[in-house]
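Top line first, the protein sequences correspond to chains W and U. Here the first sequence is numbered in our numbering, starting from 181 and rising by one per residue. Here the second sequence is numbered in our numbering, starting from 64 and rising by one per residue.
Honestly, the hints are just simulated from the structure, not real lab data. One should not assume that every hint holds.
As the list claims (entries may be wrong) - Below, in silico cross-link-like pairs of lysine-lysine (BS3-like), each with a Cα-Cα straight-line distance of 27 Å or less: (1) LYS235(W) - LYS217(W); (2) LYS217(W) - LYS105(U); (3) LYS276(W) - LYS120(U); (4) LYS206(W) - LYS120(U); (5) LYS105(U) - LYS276(W); (6) LYS120(U) - LYS230(W); (7) LYS235(W) - LYS105(U).
As the list claims (entries may be wrong) - Which chain U residues stay away from chain W? Per the calculated CB distances, all over 12 Å, these: (8) PRO71; (9) GLN100; (10) LEU109; (11) ASP125; (12) GLN127.
All C-beta atoms, glycine included, are put in the ideal place defined by N, C-alpha and C.
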Amino acid sequence: QQPVQSPQAVILREGEDAVINCSSSKALYSVHWYRQKHGEAPVFLMILLKGGEQKGHEKISASFNEKKQQSSLYLTASQLSYSGTYFCGAGTNAGKSTFGDGTTLTVKP
Amino acid sequence: EPEVTQTPSHQVTQMGQEVILRCVPISNHLYFYWYRQILGQKVEFLVSFYNNEISEKSEIFDDQFSVERPDGSNFTLKIRSTKLEDSAMYFCASQVDWGSYNEQFFGPGTRLTVL
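One chain only, chain W, in its complex shape (with noise of 0.2 Å):
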């Protein structure tokens, strides 16, 4: 089942935060996000099991709530280089990763 992403574009400038937002209607196994720049590889961010987990990656953090429904993705005292399309994917104990359509981040100086 397809997560469903929010907002779909996020611009910002430097400094700034955002949130990524990716739900679905049933509980998830697992949520992933990755980001991708223009003509590159999506890049693995951070996994999250369980609900109620948080994980941070510098200033980049998320979390999954209890219902393991919802996850949201946090950019903070964002830097250019965080410009890309985020993607959530969602994960089956079997390996089936299904992403978000995706949200464009553009951080302007």
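Once you've looked at the hints, dock chain U against the given chain W.
Showing chain U alone in chain W's frame:
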């Protein structure tokens, strides 16, 4: 740093022709994937492969598609009779082991253009 490689980087073919896209996953990885991404759209799951067999496949992965690990290093995606709508970027990914909790490493992709 180990990485997933894919060849060719760009493949142009005529409608109805067969194509084989090649991937060399990271050497100690056991779980492999193919995805496709039509220009400007999201990444779409095609198939996952573990222990020499398909683990899961999507509705896109019909009888025109097949995957194979012909030797210990290559992982291939074959499209038997290409259609115009098969034009897309095809990404291979590998994962150290079974389980959705492991990071997937993506290759750089093969751009397939069907004329």
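Beyond 12 Å from every Cβ of chain W: is that where the Cβ of ASP125(U) lies? Correct as stated: the minimum Cβ-Cβ distance to chain W is 16 Å, above 12 Å.
Holds or violated: are the alpha carbons of LYS120(U) and LYS230(W) at most 27 Å from each other? 25 Å, holds
Per the stated criterion, does the least C-beta distance between PRO71(U) and chain W lie above 12 Å, as a non-interface residue requires? 15 Å, holds
Reported absence of GLN100(U) from the contact zone with chain W (all CB gaps over 12 Å): 8 Å, violated
Pair hint outcome, LYS276(W) versus LYS120(U) [Cα-Cα no greater than 27 Å]: Holds, because 7 Å separates the two Cα atoms, which is no more than 27 Å.
For the pair supplied as a hint, LYS105(U) and LYS276(W), is the alpha-carbon distance within the 27 Å limit? 15 Å, holds
Holds or violated: LYS235(W) with LYS105(U), Cα cutoff 27 Å? Measuring from Cα to Cα gives roughly 24 Å; hence the hint holds.
Against chain W, does GLN127(U) keep a CB gap of more than 12 Å to every residue? 20 Å, holds
Agreement of LYS235(W) and LYS217(W) with the hint, judged by alpha carbon distance not exceeding 27 Å: The given pair, whose Cα atoms are some 22 Å apart, holds under the 27 Å limit.
Check the non-interface label on LEU109(U): least C-beta distance to chain W beyond 12 Å or not. Incorrect as stated: the minimum Cβ-Cβ distance to chain W is 10 Å, not above 12 Å.
Would the pair LYS217(W) and LYS105(U) pass a check requiring their Cα atoms to be no farther apart than 27 Å? 12 Å, holds
Do the alpha carbons of LYS206(W) and LYS120(U) lie within 27 Å of each other, as the hint requires? Roughly 20 Å between the alpha carbons, so the hint for LYS206(W) and LYS120(U) holds.
Hints 9 and 10 from the list above are not met by this structure, while the remaining hints are.
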